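Participant: I would like the entire structure built from these sequences, with the hints used as guidance.
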Amino acid sequence: MDIRSQVSMVFHLDKCIGCHTCSIACKNIWTDRKGAEYMWWNNVETKPGTGYPTKWEDQDIYKGGWERNGDSISLKGAGKLKGLKNIFHNPHMPVLEDYYEPWTYKYSDLFDAPEGDDQPTARPVSLVTGKPMDVQSGPNWDDDLSGSPDYARNDVNFKDLSVPEQESLFQLERMTFHYLPRICNHCLNPACVGSCPSGALYKRGEDGVVLINQERCRAWRMCVTACPYKKSYYNWNTGKSEKCILCYPRLESGQAPACMHSCVGRIRYLGVMLYDADKIHEVASCDEKDLVDKQMAIYLDPFSEEVIEAAKANGMAESTIRAAQLSPVYKFVKKWKIALPLHPEFRTIPNLFYVPPMLPAMASVDSEGIYESTTKSLWAGIDQYRLPMKYLASLFTAGNEQKVKDVLSKLLAVKIHRRDVTVGDLPREEIEEALSLGHTDPTEADSIFRLTSLATFNERFVIPPAHREESIEMIEATADAKGETGFGFKMQPARGL
Amino acid sequence: MKISYKYPALFIGIMACCLFTANGQDGVTLFKKNCAACHKLGSRLVGPDLIGIDQKRSEEWLLSFIRSSNAMIEAGDPDAVAIYKEYNETIMTDMLHLSDDDIRSILAYIKEKSPAPGVASQEKKEPVEVKPIEYSAEDIQQGLRLFSGQAGFVKGGPSCISCHHVNNKDLLSGGLIAKDLTNVYGRMADAGLAGILGAPPFPAMATAYNNHELDSTEIAQVTAFLKHADNVSHTQPVKTGTHIFLLGGGGGLFLLFLVIAIHWNSRLKASTKHDIYKRQLKSI
Numbered sequence: 001m002d003i004r005s006q007v008s009m010v011f012h013l014d015k016c017i018g019c020h021t022c023s024i025a026c027k028n029i030w031t032d033r034k035g036a037e038y039m040w041w042n043n044v045e046t047k048p049g050t051g052y053p054t055k056w057e058d059q060d061i062y063k064g065g066w067e068r069n070g071d072s073i074s075l076k077g078a079g080k081l082k083g084l085k086n087i088f089h090n091p092h093m094p095v096l097e098d099y100y101e102p103w104t105y106k107y108s109d110l111f112d113a114p115e116g117d118d119q120p121t122a123r124p125v126s127l128v129t130g131k132p133m134d135v136q137s138g139p140n141w142d143d144d145l146s147g148s149p150d151y152a153r154n155d156v157n158f159k160d161l162s163v164p165e166q167e168s169l170f171q172l173e174r175m176t177f178h179y180l181p182r183i184c185n186h187c188l189n190p191a192c193v194g195s196c197p198s199g200a201l202y203k204r205g206e207d208g209v210v211l212i213n214q215e216r217c218r219a220w221r222m223c224v225t226a227c228p229y230k231k232s233y234y235n236w237n238t239g240k241s242e243k244c245i246l247c248y249p250r251l252e253s254g255q256a257p258a259c260m261h262s263c264v265g266r267i268r269y270l271g272v273m274l275y276d277a278d279k280i281h282e283v284a285s286c287d288e289k290d291l292v293d294k295q296m297a298i299y300l301d302p303f304s305e306e307v308i309e310a311a312k313a314n315g316m317a318e319s320t321i322r323a324a325q326l327s328p329v330y331k332f333v334k335k336w337k338i339a340l341p342l343h344p345e346f347r348t349i350p351n352l353f354y355v356p357p358m359l360p361a362m363a364s365v366d367s368e369g370i371y372e373s374t375t376k377s378l379w380a381g382i383d384q385y386r387l388p389m390k391y392l393a394s395l396f397t398a399g400n401e402q403k404v405k406d407v408l409s410k411l412l413a414v415k416i417h418r419r420d421v422t423v424g425d426l427p428r429e430e431i432e433e434a435l436s437l438g439h440t441d442p443t444e445a446d447s448i449f450r451l452t453s454l455a456t457f458n459e460r461f462v463i464p465p466a467h468r469e470e471s472i473e474m475i476e477a478t479a480d481a482k483g484e485t486g487f488g489f490k491m492q493p494a495r496g497l
Numbered sequence: 001m002k003i004s005y006k007y008p009a010l011f012i013g014i015m016a017c018c019l020f021t022a023n024g025q026d027g028v029t030l031f032k033k034n035c036a037a038c039h040k041l042g043s044r045l046v047g048p049d050l051i052g053i054d055q056k057r058s059e060e061w062l063l064s065f066i067r068s069s070n071a072m073i074e075a076g077d078p079d080a081v082a083i084y085k086e087y088n089e090t091i092m093t094d095m096l097h098l099s100d101d102d103i104r105s106i107l108a109y110i111k112e113k114s115p116a117p118g119v120a121s122q123e124k125k126e127p128v129e130v131k132p133i134e135y136s137a138e139d140i141q142q143g144l145r146l147f148s149g150q151a152g153f154v155k156g157g158p159s160c161i162s163c164h165h166v167n168n169k170d171l172l173s174g175g176l177i178a179k180d181l182t183n184v185y186g187r188m189a190d191a192g193l194a195g196i197l198g199a200p201p202f203p204a205m206a207t208a209y210n211n212h213e214l215d216s217t218e219i220a221q222v223t224a225f226l227k228h229a230d231n232v233s234h235t236q237p238v239k240t241g242t243h244i245f246l247l248g249g250g251g252g253l254f255l256l257f258l259v260i261a262i263h264w265n266s267r268l269k270a271s272t273k274h275d276i277y278k279r280q281l282k283s284i
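Chain order of the listed sequences is S and H.
Residue 1 is where the first sequence starts when you use the numbering used here, and the numbers rise one by one after that.
Residue 1 is where the second sequence starts when you use the numbering used here, and the numbers rise one by one after that.
Careful, some of the hints might be misleading.
To be clear about the criterion: a stretch of chain S counts as covered by chain H if any three or more of its residues have a C-beta under 8 Å from a C-beta of chain H, and this derived list gives those stretches [to be verified]:
#1 42 to 56
#2 134 to 145
Heads up, simulated DSS-like pairs for lysine-lysine below, C-alpha to C-alpha not over 30 Å straight-line [claimed, not checked]:
#3 K85/S - K269/H
#4 K159/S - K278/H
#5 K278/H - K106/S
#6 K269/H - K80/S
#7 K131/S - K278/H
#8 K34/S - K282/H
These are computed hints drawn from the structure, not numbers from a lab.
Small disclaimer: the values here were computed from a predicted structure and weren't measured.
Positions of the beta carbon are idealized from the N, C-alpha and C atoms, including for glycine.
Facilitator: See the structure below:
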């Protein structure tokens, strides 16, 4: 056993209101710089939809992630031979049009324009060329457009759905959408790290944050191709690639990452997971149907004596083990099993888990064409969901519908149990049936309810102390280093800026 | 330019050190070691007969010619150029490792061997007719084997092909670091080759065969092969490789462009939002 700690996340999609506060918080802190305007380390997508960059999930286009290769795995679009072959033109990278051309407005015209017949307007100006431009697209251009033929109908996750199934989704009565906020998954088997020819990308030993060394990056952009989530972005101004850093300077000082701290719906949870690094290869190269189960098995019980002993032998601080025991992520993912990884079939073993959205059917059209807004039971049961299970399975379980059903049954059981507690108008049998279908009991349902709805800041974010003072006190005065962590260059890069 | 002075100086320095160890050598030894491969007293070999050379040329001229005949020919000394032309434009190896005293002791040896000035001029010597030796087919075959390294020399000297090239259909391309020996027999003849093979005057070759001398049978066999190679040289195809080089280069370039074209064709040709953008109205 090689026990390591990983700072992991859970996003509760039922709670996301799609306000983009997280994206703005992140942008204001990290990517409000020249060359970084188009980067959205955190973005919120509408699903069904094509996401950002457009169709990022379609690896036939972008060749991201790993693919199984006999007993092992290899990078789909990078790696030694493929990388060498493509090293000077990188044919599978998203282009600026797949993202969007960033722009601002010439606000000064509103004040300085000479008097005329028309009211002055602020024209859009490209942040790349500096010239006036037509705004053609944006990072959330398809926001809330759940029925649009350009975006929603081109969702990559429809690939396994038959045409009638897809069509029924776009009937007015069933039409639905949910949001999918995304940040870097800080994967256990990161494709970006595996693809970098310069060795600039690395996974931090102490907390598993994946970072790009700005001094070693040589702009090969293999990570842009390799990351299946398209969360590595190339900064054309500095000539370096950049990605979400999980606000490590904030984590090191005990604060939650900016996107999580600012989250209006309080959908985000952060905590430590202990995992067995010896099993990474086995998990990443296993059969597609076992991917989720095997990934769940790689995370270990932080209360087990054996695990604690092995973690200590690996040099892990006791405070980190304590944080792992209190971790809300551990509860959602391992204890209650109601959070699932996004696109596990990319085989990167992502560490951002999603509680899938409920989206229950509230009405239907019967055979006589009559709009029926009553259902037999509360929330109509999971079989009546507006989004087909196949769709959610394509997002979260590599096609395993039963896994999604299990999670949704438990979430429904929690709702029905809480209805019973707060209103008490449901027949006993219905409650019992829901609890048994959801494989849960009132105690567990109450804990899930509590952490979902009432959790305080300290329950949602259990950040292990970074002990930076210990790691630097041997070589420098800790007081001097205080307040020096941040993003930027210690040495000017040779080109750019 | 610093370096270009350094290396000759270093070379001379090392040679000078070597000379201290050879200080006790007299004219005879020095002559045998440095001159006898190409020169004889009393007859022409590869180079001119040296009898009475002290009468023919001034000591100053001899000193500088022996040290570096190359330099004198390049400088355009009329006598040096004349000799060079007379002897099939074969250059005499520079003897930079010999000190003035060494050369003087060699000259003294030659003088001692030469008849008195008066006698020498009176006695008109008949030019000696050198008859080429006929070699057997076995000798030629064995010579080829020795040259190409298929058979080793008895004392373990390196095979000729590692440094020399001979254009012959039975032979692989040889080394390019020393002279092409295809027509060496025509220039040197039996005696010259025997001299060089017996006691190599060229520094690199001397070092290579130091303690690994060829015996007389081997010398004869290698000479036999070289004679044969010279005789048949005009019938051998010249392997320049130019056409392979050109064809290979052209073909390779074509293949490269083909591979690039195939790869270029499989690139992403349009962005994922190409159709959407195409539809949009433009104001600029």
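Participant: Next step is simple, just say for each hint if it's right about the structure.
Facilitator: Hint by hint, here is what the structure shows:
1. 42 to 56: As far as the segment 42 to 56 of chain S goes, the hint holds, because 4 residues have Cβ atoms under 8 Å from chain H.
2. 134 to 145: It holds: at least three residues are needed, and the segment 134 to 145 of chain S offers 3 whose Cβ sits within less than 8 Å of chain H.
3. K85/S - K269/H: holds, 18 Å
4. K159/S - K278/H: Between K159/S and K278/H the Cα gap is close to 25 Å, so the pair holds against 30 Å.
5. K278/H - K106/S: holds, 26 Å
6. K269/H - K80/S: With a Cα-Cα distance of about 24 Å, the restraint between K269/H and K80/S holds, given a limit of 30 Å.
7. K131/S - K278/H: holds, 20 Å
8. K34/S - K282/H: With a Cα-Cα distance of about 26 Å, the restraint between K34/S and K282/H holds, given a limit of 30 Å.
Of the numbered hints listed earlier, not one is contradicted by the structure.
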